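Chains E and A supply the protein sequences, listed in that same order.
Each residue of the first sequence is one higher than the one before, counting from 0 in numbering that gives the first Met the number 0.
Each residue of the second sequence is one higher than the one before, counting from 0 in numbering that gives the first Met the number 0.
No lab work stands behind these hints, which were simulated from the structure alone.
Please note: incorrect hints may appear among the correct ones.
When the alpha-carbon atoms are kept at most 20 Å apart in a straight line, the in silico SDA-like pairs for lysine to any residue are as follows [what the hints assert, rightly or not]:
hint, chain 1, residue 1, chain 2, residue 2
1, E, K64, A, D79
2, E, K174, A, E45
3, E, K64, E, V30
4, E, K120, A, A10
5, E, K50, A, P91
6, E, K174, E, V30
7, E, K116, A, D110
8, E, K21, A, D79
9, E, K64, A, D110
10, E, K64, A, S39
11, A, K86, E, M117
12, E, K174, A, G56
13, A, K86, A, F125
None of these values were measured; they are calculated from a predicted model.
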Amino acid sequence: MMDSKKVLDTILAIGKRIEEEKDFLTELDNVIGDGDHGINMARGFHMVAEKLAPLEGKDIGTLLKTTGMTLVSTVGGASGPLYGTAFMKAGMVMAGKEEMSLTDFFACMDAAIEGVKMRGKGDKGEKTMLDAMIPALDAMKSSADGGAGAKEVLKAGVQSAKEGVEYTKTIIATKGRASYVGERSIGHQDPGATSFTDMLEVICQAL
Amino acid sequence: MVGIVIVSHSAMLAQGVVDLTRMMAADCPIAAAGGLDDGSFGTSYEKIMNAIEDVHGPDGVAVLMDMGSAVMTTEMVLEDLPYTDVKMVDCPIAEGAVAATIASVGRLDLDSVIADALAAKDMQKF
């Protein structure tokens, strides 16, 4: 599916996409959170680009782990430890590997989801990024089981993640800062589910 | 004495809590880890790490956090530090800090300092 050069380019492309979506993500977070998601993520990925530049040619595990550690130390909001843990867990799956297969990608997503659940002590149905991540991975696995190629599989994942974002509009936030807003969070989509969907879309476009 | 660290999204709040504890426990080793380096709101892995190192001694450290990323980032710092005597306390940050620092200068051990800070959770104000 991707060699280490492609993984590096894709992480940088994710950073660009986050930069483009910065204001929108922050606007979403202004309504139900503490209004810093886009700004924080853009700051984190800006630093990721700097840290990854000298790592061209390194194994995928190192790239993902560096991305995660950089997000933890530079984002400053909840998305730092959450996405940071996700990338670091994926990095452990890919330690020493130069090539990522679709099966590897699923293993990375599994590890990332477990990491986010553990770090945030959350699960799906609580209006968080998990409401996009979990259905996206399920959809990708069934698409692959049906014999689809990587691009098709990722498309199915993006579609499902987008539905997950729509679903977050219908439920009350019970985790994170949005839980303070309670019932008034209904009707608003979750910023974390949105940024995850942006990332998956970039991965899909890279294939 | 048990060291105390105050983690908050706000640099002023973290420093304010530290200042507040000086009223009754001026000698307690306590450090603030508030906000990001550029002065904006958020929690900094590096600031938390440095604050713990600053106050860490033979009696250990109790860390009090406000919420969200303050809790999660502290968790990650603790996972990365080699110490087993640095503990997070789930208590109100200002009242808990006052209780914890008084216990610390009273030479109570880490578990007792934590118990006093936790008691702040149920303290009736009126």
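Against the structure, the hints come out as follows:
no., hint, verdict
1, E:K64 with A:D79, "holds, 14 Å"
2, E:K174 with A:E45, "violated, 25 Å"
3, E:K64 with E:V30, "violated, 32 Å"
4, E:K120 with A:A10, "violated, 26 Å"
5, E:K50 with A:P91, "violated, 37 Å"
6, E:K174 with E:V30, "holds, 15 Å"
7, E:K116 with A:D110, "violated, 29 Å"
8, E:K21 with A:D79, "violated, 30 Å"
9, E:K64 with A:D110, "violated, 35 Å"
10, E:K64 with A:S39, "violated, 26 Å"
11, A:K86 with E:M117, "holds, 18 Å"
12, E:K174 with A:G56, "violated, 35 Å"
13, A:K86 with A:F125, "violated, 30 Å"
In this structure, the hints that do not hold are numbers 2, 3, 4, 5, 7, 8, 9, 10, 12 and 13, in rising order.
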